[in-house]
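One line per chain: the protein sequences are A and B, in this order.
Note that this note's numbering has the first sequence beginning at 19, numbered continuously upward.
Note that this note's numbering has the second sequence beginning at 267, numbered continuously upward.
Hints may contain errors.
[Said to hold, decoys possible] Think about it this way: if two alpha-carbon atoms lie no more than 25 Å apart in a straight line, the pair counts; the simulated DSS-like pairs of lysine-lysine are: (1) B:K476 with B:K498; (2) A:K387 with B:K456; (3) A:K42 with B:K325; (4) B:K621 with B:K606; (5) A:K238 with A:K255; (6) A:K416 with B:K539; (7) A:K380 with B:K456; (8) A:K416 with B:K476; (9) B:K469 with A:K416.
[As the list claims (entries may be wrong)] So these bits of chain B aren't anywhere near chain A, every CB distance computed over 10 Å: (10) E329; (11) Y478; (12) M688.
Just so you know, the hints here were simulated from the structure itself, not pulled from any lab data.
Glycine is no exception: its CB is placed at the ideal position from the N, C-alpha and C atoms.
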Amino acid sequence: MNSYEVVVLGGGPGGYVAAIRAAKLGKKVALIEARELGGTCLNRGCIPSKTLLRLAEVIETIEKAKSWGIETGDMTFSLSKMLGRKDAIIQQLRSGIAHLLKQGKIDVYNGVGNVQADGEITVQLAEKKEIIRGDKIILATGSRPLVPAIEGIEESAYFTSDTIFDIDKIPESMVIVGGGIIGVELACIFASLNVPVSIVEMNDRIVPSEEPEASKALSKSLKRKQITILTNTKVMKIEQHDGRQLVHVESDSGKAQTLDTEAMLMAVGRSPNTSAFNDLNLEMDGAFVKVNSAMQTSDPSIYAVGDVTGGWQLAHVASAEGVVAAANAAGETETVDYRMVPRCVYTSPEIASVGLTEADAKRQGIDYKVVRVDHAGNGRALAQDEKEGFTKLIASTKYGEILGVLMVGPHVTEMIAEPSAFIHLEGTVDELASMVHAHPTITESLYEAAASWIGKGVHH
Amino acid sequence: MAKEIFMPKLSSTMQVGTLLQWYKNEGDAVDVGEPLFEIMTDKINIEVESYEEGILLKKYFQEDDEVPINHVVGYIGEAGEKVPDSPPGESGAAKEQEDVSDSRQAQVEDLTEQGISETATEHISAGSQGEKTAAEKPRATPAARRVAREENIALSDVSGSGPNGRIQQNDVMEFATSTTSAKATPLAQKVAAAEGVDLQEIKGSGTNGKIYRADVENAKGPGPVPAASEDKRVKMDGIRKVVAQRMAQSKSTAPHVTLTTEVDMSDAISLRKQLLGPIEQLTGFRLSYTEIILKAVASSLKQHPNVNVSLEGNEIVYKTDINLGLAVAVDNGLMVPVMKQVDQKGLSSLTEESKRLGKAARDNKLAPEQMSGGTFTVSNLGMYAIDAFTPVINQPESAILGVGRIHEKPVGIDGAIELRPMMVLSLSFDHRVIDGAPAAAFLTALKETLEQPVKLLV
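Using the sequences provided together with the hints, build the complete structure.
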């Protein structure tokens with residue numbers, strides 16, 4: 019039986035990062051992954067979706083370019099080439115992870131791992147079963163798409179984010195159930211391929227995790243892409259008819275309608291993968307594993323990170339938690355600072371935010387002041403012909419502490435690192451307002467917001 | 267070629283030094299003047315600074331190891347240089363230096379006899395000139411002086427963290443960064459200003475000790491919601507470590523016995539009242555009970571020389587001088603300045619001396635000779651609501667007197683109950699060298715002297 023100082027279950031952005039950090043701290047480490055290295059993020063999530071969203075961006079630019087005086091012929095799409103490019107990127111990143119694990123002398127077990135109550139871990143490999151031990155165990159088993167119990171769903175053909183990136187032909191139409199981040203990103207991809215898309219959302223707005231004004235801005239732009247958005251609406255029943263799906267929906271006000279579609283995507287949320295450690299009887303927080311600030315479960319020798327612990331369910335949060343869990347498993351004492359975690363939606367326009375929302379600040383009883391700067395007057399945004407969007411700055415009235423920033427616009431997912439750094443290094447509006455920003459850039463809007471916040475705005 | 271680092275010989279009696287902690291790990295780059303490790307001699311702990319530049323190649327000894335003087339404790343050289351795997355023993359370089367600097371060594375030893383501690387750098391490179399200028403210049407290591415020159419910092423503005431307040435390179439560097447206040451985040455600076463928290467007092471939790479808002483709030487005291495019950499941990503070093511080691515050493519080697527007696531302080535109080543004015547006029551200092559007690563102790567010790575003793579090896583040494591230590595509470599520990607030949611001094615000079623030494627101790631400015639040579643110690647907790655306690659003997663002395671508060675108590679006098687200002691004296695003695703009867707006789711004599719201080723004139 020092989021014995022390790024640290025055994026990591028799951029090779030996604032939480033698990034493989036934890037394994038490498040533990041190895042760098044001098045520990046003997048094993049990693050168990052049932053599928054491919056990179057987990058959901060690399061194989062069925064962040065990376066494939068961003069690869070395809072890049073297509074959507076280019077298609078949209080080509081279309082926009084007509085009004086700038088650039089004429090092309092009719093566009094044609096090769097789905098197989100598009101997916102081929104996506105697969106090549108995944109393959110490259112996957113072998114990158116394999117290389118890093120090898121460099122860290124980490125033993126990788128490609129099989130389904132199961133932690134027994136006595137702490138031993140059985141791994142079902144292709145040809146045999148192996149048992150290993152770990153002084154410390156890090157659970158990074160992630161999550162999977164949640165399929166809601168809707169009448170007729172068993173008989174229906176539906177996609178989830180696990181299967182949609184390997185779709186074999188561009189469908190004639192698409193209904194997306196769930197208007198969260200996954201739903202709206204995929205809506206953008208398919209809409210750019212000229213697929214009529216409908217989003218069905220139970221909430222009163224899409225991307226309910228973000229501020230209402232971000233939902234509003236995105237909603238406006240999605241509608242311009244001919245995407246139908248049905249909010250306050252529930253799926254009641256799904257029926258099959260001639261290989262097509264009939265999706266019966268009903269709004270809060272009782273208005274019922276039937277959506278006739280070729281393809282249907284379930285994007286209503288994700289549920290944690292806990293079967294690998296059911297025997298441990300760890301303390302849970304709802305469906306998720308409960309952890310303390312050191313990422314420790316109710317069993318002090320077992321840590322858990324990423325989606326399986328709930329929270330934001332973001333890859334970079336899982337990695338940050340993985341690093342902390344690995345350090346703590348190696349005897350150090352670290353905690354994750356969640357204040358500066360950026361949240362990104364890669365639609366067009368993009369949404370990026372960090373820190374508190376206005377509602378959070380209100381709930382916490384903090385005195386704050388908000389400045390919002392629209393990109394409509396921003397030189398770079400106009401030059402790019404991407405003037406939809408805005409920058410919103412929330413800071414505490416007492417010290418000018420930057421509590422939160424929300425940006426909507428092109429490439430704001432890259433720009434959010436600036437306010438994130440300010441929050442991390444505890445800069446205040448005064449420093450932000452005295453920092454020189456390049457002109458013309460969209461980040462100037464952040465500077466304008468800060469300057470305006472202290473009453474020294476030039477353009478605002 | 268790799269250079270030897272050896273255990274410096276700091277006094278003529280020093281045979282071994284205890285390695286307290288390393289400041290560098292193998293493979294670390296070391297600069298001239300950087301503290302390498304801390305050692306403890308029988309008297310005090312000091313930091314040994316490097317006088318070579320290079321990579322610390324080898325450490326032969328670990329914390330709490332005892333190393334004979336001049337033995338090689340490690341090597342500094344270039345990365346990859348070969349050095350012996352096991353300790354090579356006595357250093358050739360150390361011997362050479364000893365021969366060359368014979369006369370200077372003697373001079374240094376003269377001082378160290380009285381307890382002066384020298385860092386290795388000064389020991390070798392500064393030598394005699396340090397002594398001459400000591401009166402005008404702040405005590406600082408050569409490396410600290412160099413940095414101060416480069417950074418244009420007045421050494422008198424820097425407080426030293428080394429032994430006897432000696433300024434080290436690190437102190438100057440820290441001073442340089444602290445004055446630019448770059449060590450706190452902008453938010454932390456604002457919060458500190460608003461809450462009236464001194465940033466200099468705070469230890470930052472960020473990279474290189476950068477102070478964050480949370481650090482300021484923690485320093486402010488417990489907030490409304492105490493951050494998860496994590497305990498604060500502080501590495502024991504400096505004075506704290508010396509006190510800890512010496513207390514444990516004393517308690518574990520000397521069988522302590524404590525006797526107590528109650529003293530009627532009526533006459534001592536009236537003596538103090540009479541002398542307060544004249545002594546203040548003469549010296550500018552106010553006479554306190556401490557000095558009266560010191561004087562009475564010295565007089566009683568003179569009558570009972572078998573308490574003014576010290577155990578050295580197999581011999582009991584009867585000390586000729588009566589040198590009294592006075593325990594003074596300082597930040598992070600306890601200092602014991604020593605007043606020499608107290609039996610030969612009057613109350614006014616005693617008052618002046620004890621006040622000056624007390625202040626020097628609190629300011630961390632005691633010279634080593636002001637802390638050595640004690641034959642008996644007095645520890646006064648009378649300013650607190652303490653009646654009696656069991657003081658720990660300050661070795662190599664053999665007895666210590668604990669002084670409690672003066673407190674009115676009903677006392678039976680000639681068949682009547684009267685309120686009298688009473689004070690408890692607690693005498694702890696080392697039963698290996700002093701027996702119960704002579705200790706009791708000494709304490710009785712002391713009580714009588716304090717009750718009839720006129721006896722001091724005899």
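Evaluation of the provided hints:
1. B:K476 with B:K498: 18 Å, holds
2. A:K387 with B:K456: The given pair, whose Cα atoms are some 17 Å apart, holds under the 25 Å limit.
3. A:K42 with B:K325: 24 Å, holds
4. B:K621 with B:K606: Between K621 (chain B) and K606 (chain B) the Cα gap is close to 14 Å, so the pair holds against 25 Å.
5. A:K238 with A:K255: Status violated; Cα separation ~28 Å.
6. A:K416 with B:K539: Cα-Cα ~56 Å, so violated.
7. A:K380 with B:K456: 22 Å, holds
8. A:K416 with B:K476: Judged against 25 Å, a Cα distance of about 22 Å means the pair holds.
9. B:K469 with A:K416: 24 Å, holds
10. E329: 19 Å, holds
11. Y478: Contrary to the label, Y478 (chain B) does not stay out of reach of chain A, its closest Cβ about 6 Å off (not over 10 Å).
12. M688: 52 Å, holds
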